[in-house]
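One letter stands for each residue in the lines below.
There are 2 protein chains.
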Amino acid sequence: MKNSVNIGLIGLGTIGGGVAKILHEKADSITKQVGTPLTLRSVADLDETRKASLPDPSIFTTNVQNIFDDPDIDIVIELIGGETPAKTFIQEAIQRGKHVVTANKEVLAKHGPELLSLADKHKVGLFYEASVGGGIPLIAPLKRNLQVNDISSIHTIINGTTNYILTRMEKEGLEFSAALKEAQDLGYAEADPTRDIEGFDAAYKIAILATIAFHTDIRPEDVFHEGISRMTSQDFQYARELGYAIKLLAITKKEGPFIQVRVHPVFIPDDMLLAKVDGVFNAVQIEGDLTGRVIFYGRGAGSEPTANVIVSDVIHIARSINTGTEMQPELYLDTPKQIIPISEIETRYYMRMTIADMAGVLAQITRVLGENQISISSAIQKEADIKSQTAEIVIMTHPAQEKAMQQALDQMESLEAVKEISNLVRVED
Amino acid sequence: MKNSVNIGLIGLGTIGGGVAKILHEKADSITKQVGTPLTLRSVADLDETRKASLPDPSIFTTNVQNIFDDPDIDIVIELIGGETPAKTFIQEAIQRGKHVVTANKEVLAKHGPELLSLADKHKVGLFYEASVGGGIPLIAPLKRNLQVNDISSIHTIINGTTNYILTRMEKEGLEFSAALKEAQDLGYAEADPTRDIEGFDAAYKIAILATIAFHTDIRPEDVFHEGISRMTSQDFQYARELGYAIKLLAITKKEGPFIQVRVHPVFIPDDMLLAKVDGVFNAVQIEGDLTGRVIFYGRGAGSEPTANVIVSDVIHIARSINTGTEMQPELYLDTPKQIIPISEIETRYYMRMTIADMAGVLAQITRVLGENQISISSAIQKEADIKSQTAEIVIMTHPAQEKAMQQALDQMESLEAVKEISNLVRVED
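Heads up: the protein sequence lines correspond to chains A and B, in order. Number 429 marks the last residue of the first sequence (this note's numbering); no jumps. Number 429 marks the last residue of the second sequence (this note's numbering); no jumps.
Check the hints yourself; a few may be wrong.
Copies of one chain are not kept apart here, so a pair can be met inside one copy or by any two copies together.
[Claimed, not checked] For lysine to any residue, the following SDA-like pairs were computed, each having C-alpha atoms within a straight-line distance of at most 25 angstroms:
| no. | residue 1 | residue 2 |
| --- | --- | --- |
| 1 | 276 | 168 |
| 2 | 419 | 270 |
| 3 | 32 | 120 |
| 4 | 123 | 258 |
| 5 | 32 | 270 |
| 6 | 419 | 227 |
| 7 | 387 | 287 |
| 8 | 121 | 66 |
| 9 | 110 | 58 |
| 10 | 382 | 392 |
| 11 | 143 | 319 |
| 12 | 276 | 292 |
| 13 | 253 | 33 |
| 14 | 123 | 190 |
| 15 | 87 | 322 |
| 16 | 21 | 51 |
| 17 | 337 | 423 |
| 18 | 21 | 334 |
| 19 | 21 | 150 |
| 20 | 2 | 377 |
| 21 | 181 | 168 |
| 22 | 32 | 217 |
| 23 | 143 | 33 |
| 24 | 121 | 323 |
| 25 | 121 | 322 |
| 26 | 51 | 415 |
| 27 | 403 | 332 |
By construction, these hints were calculated from the structure, which means they are not laboratory data. All of these numbers come straight from a predicted model, not from anything done at the bench.
With the rest of the complex left out, here is chain A (with noise of 0.2 angstroms):
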């Protein structure tokens, strides 16, 4: 029994700022929780303007080192983001025996498994809850609930921004680049948003969930991904006359020994839950042997719904460190990775195109199509445009190899008939 656990924050940004503000303002609450206080001891920030938001501004610090040389620190909060030099910062903490929370997502999603064998070595706990899905409990779930479960796979909408635009694009029927700029302007985007929109920070969050579920060591460069920079107002169109919505997802699925871990924009049917996730929400929805669909609902990002998980997961270290628990391994890996290629992958297709308004065009698709081994489920054709005597069509096909698909698209390409391929989106039912 302890008469106070220390704290150490490393960051004082949106989310820091959050986190000192609950443990200030939750102090009681807290206390009676972990059965002893919670104390903020030293706060790290290179910006020193921010000392003014803490409650108690003698507990800053612009020099980092003073946290980890604090020997009565007994839990270290990395806050700051990005990799370099948080990983070093979140290494250094762990020898020096400190526990740590983080929300780092691209640190664990590029060294997870080492940390958390270092932290395993010093007898630490390194916990990062915050790191995917924000305010939504997710890995500790999946840790402690779903573990007898057999994960066979995890379909996730875990990208805030991307999905606010894909959103207004089909509420609204904006276009791309007005729905960013609109993401933007609230904040949801930031002013270089390719993290997000190219699928970088998904993929990073789906190789963390995926690692978890199926006890292998998936890194972010096992991860394919693709943006939603080529979706448009007409897709939205035709996807709401075809039955589906059109997500940014995040897929792992596991057959067999074959891990399939990807990013991509997709056309889901619009009586699935996750196509009622709208604006910011995250949902992740797991399908297990045992408890089959499984979903969970939430904010993904934003100050307070991700500073109550990071406080959670302090609340959890603080409550061993006070009856004297020891910390327990929190991850195995022991499956071979066997990932994939997305080259390798079947899934169904959505194909937008604009071809020569004239007679035989759809037999030569159908043709190319054909000697690819992919047949067609549904087309649509438009009404044609006179000016420039070209029609747009739609085709949806059977499940077909990405492969077979991606030399159909070629040969296509290479039609006379065929002005443009305007859009290719995989589908998932």
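Given the structure of chain A, go ahead and fit chain B onto it with the hints provided.
Leaving out everything else, chain B in the frame of chain A:
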């Protein structure tokens, strides 16, 4: 570090059989997670014919005392259901120093706080994830991840039987009795369906959730409950017309020191995610000051989903036993109980009635409502039935207090022009 953690199982019904099967079939994976094997050492059931289903029938006994008397049994799983003798069995196990895992919602709702403090006193764990929401991880996330949050409300579809019936009424236009019959034929409803249909089952579950969420001792007798048997196909038609779905919700809310906890059918807007939860699925929507809205969705019943969370609880305890960790108290109740009676609760209402088809009736009804401070937000009057000279009207009200509404109903029933008040359903927005 022990050679094995030993389990005694009481009750070899569907779920008990599922637990025995998982412990057998997933032994390797479980051993890896616990760090030592879990051994099913003894199984007690009064029905001897059930022993044949066990991989090793020699561990079967009809005498439950054998389990309590066995000093090598570390964890007792209670799966006989019902209050008596299950409560005594749980007590006995705890007093003998054994950890307990149970799916028993009735015992937990009625006697949870006493049993949890008994477990605390004997330094053993009492886990009951399976008592609420079947295969959905719910209690652990509430305790572990949402605890810093001040929870303001829980809205939940927590009874699969009634949700199945309501879904069939909505999608197929069935009447209640036909949908119930179908549910019984499929094994989703019992021969005597009262516990499900009248909301007793949901009342137990919401009492358990409210106790955890609000740190207040809520018992089944604190829960107002009303069943679904008055719903008709007309109500579903009007609901659709008005943009609502009809669900049996268990609801608990905290406003200042006041807690409301109730189970009854409600109209909910059809664009809410809960409105899309169909069939035997369950969902729990939790609102907190930090997390905002979080939803958990999955199978609320069934042998495998339920057995999965039971084994997860067992693994959680076994890991602690294996590392020599003491169990930490899992529940603290420090908030005084101030339940708002249903008569004081304010909601909007849907009301359907048959009136005489003559001038001035709507005016009479409006006057009665007005005298009780109830204002109308919309009304539908359908074509009159010429033969009986009656018409059906549906009224949606603005928020009004339950007791004012009940008084208005009494007064309306005494109006000569009101032939029948067919249904009154609360609305949650």
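Results for each hint:
With identical chains, the CA atoms of residue 276 and residue 168 are at most 25 angstroms apart both within one copy (13 angstroms) and between copies (21 angstroms). Taking CA atoms no more than 25 angstroms apart as the test, residue 419 paired with residue 270 passes in neither setting, with 30 angstroms inside one copy and 43 angstroms between copies. Within a single copy, residue 32 and residue 120 get their C-alpha atoms only as close as 28 angstroms, which misses the 25 angstroms cut-off; across copies the closest is 16 angstroms, which meets it. Taking CA atoms no more than 25 angstroms apart as the test, residue 123 paired with residue 258 passes in neither setting, with 33 angstroms inside one copy and 44 angstroms between copies.
Taking identical chains as interchangeable, the C-alpha atoms of residue 32 and residue 270 are never at most 25 angstroms apart, the minima being 45 angstroms within one chain and 40 angstroms between chains. Proximity of residue 419 and residue 227 under a CA criterion of 25 angstroms is satisfied intra-copy only: 24 angstroms inside one chain copy versus 62 angstroms between copies. For the identical chains of this complex, residue 387 and residue 287 are neighbours neither inside a copy (50 angstroms) nor across copies (55 angstroms), given an alpha-carbon limit of 25 angstroms. Taking the shortest alpha-carbon separations for residue 121 and residue 66, only the intra-copy value of 24 angstroms comes in at or below 25 angstroms, while the best inter-copy value is 42 angstroms.
Neither within a single protomer nor between protomers do residue 110 and residue 58 lie at most 25 angstroms apart by alpha-carbon distance, with minima of 35 angstroms and 50 angstroms respectively. In the homo-oligomer, the alpha carbons of residue 382 and residue 392 lie at most 25 angstroms apart inside one protomer (6 angstroms), although the nearest pairing across protomers, at 46 angstroms, exceeds that limit. For a Cα distance limit of 25 angstroms, the shortest separation of residue 143 from residue 319 qualifies both inside one copy, at 18 angstroms, and across copies, at 13 angstroms. Proximity of residue 276 and residue 292 under a CA criterion of 25 angstroms is satisfied in both settings, with 20 angstroms inside one chain copy and 18 angstroms between copies.
Proximity of residue 253 to residue 33 under the C-alpha cut-off of 25 angstroms is restricted to the inter-copy arrangement: shortest distance 22 angstroms between copies versus 38 angstroms within a copy. Taking identical chains as interchangeable, the C-alpha atoms of residue 123 and residue 190 are never at most 25 angstroms apart, the minima being 38 angstroms within one chain and 51 angstroms between chains. In this homomeric assembly, residue 87 and residue 322 never come within 25 angstroms of each other (Cα to Cα): the closest approach is 27 angstroms inside a single copy and 32 angstroms across copies. Proximity of residue 21 and residue 51 under a CA criterion of 25 angstroms is satisfied intra-copy only: 13 angstroms inside one chain copy versus 57 angstroms between copies.
Proximity of residue 337 to residue 423 under the C-alpha cut-off of 25 angstroms is found in neither arrangement, the shortest distances being 32 angstroms within a copy and 59 angstroms between copies. For the identical chains of this complex, residue 21 and residue 334 are inter-copy neighbours only, at 23 angstroms across copies versus 40 angstroms inside a copy, given an alpha-carbon limit of 25 angstroms. In the homo-oligomer, the alpha carbons of residue 21 and residue 150 lie at most 25 angstroms apart only across protomers (14 angstroms), although the nearest pairing inside one protomer, at 39 angstroms, exceeds that limit. For the identical chains of this complex, residue 2 and residue 377 are neighbours neither inside a copy (67 angstroms) nor across copies (59 angstroms), given an alpha-carbon limit of 25 angstroms.
In the homo-oligomer, the alpha carbons of residue 181 and residue 168 lie at most 25 angstroms apart inside one protomer (11 angstroms), although the nearest pairing across protomers, at 44 angstroms, exceeds that limit. For a Cα distance limit of 25 angstroms, the shortest separation of residue 32 from residue 217 across copies, 17 angstroms, qualifies, whereas the shortest one inside one copy, 38 angstroms, does not. Both within a single protomer and between protomers do residue 143 and residue 33 lie at most 25 angstroms apart by alpha-carbon distance, with minima of 22 angstroms and 10 angstroms respectively. Proximity of residue 121 to residue 323 under the C-alpha cut-off of 25 angstroms is found in both arrangements, the shortest distances being 20 angstroms within a copy and 16 angstroms between copies.
With identical chains, the CA atoms of residue 121 and residue 322 are at most 25 angstroms apart both within one copy (21 angstroms) and between copies (18 angstroms). For the homomeric pair residue 51 and residue 415, neither the shortest alpha-carbon distance inside one copy (64 angstroms) nor that between copies (70 angstroms) is at most 25 angstroms. Taking identical chains as interchangeable, the C-alpha atoms of residue 403 and residue 332 are never at most 25 angstroms apart, the minima being 34 angstroms within one chain and 58 angstroms between chains.
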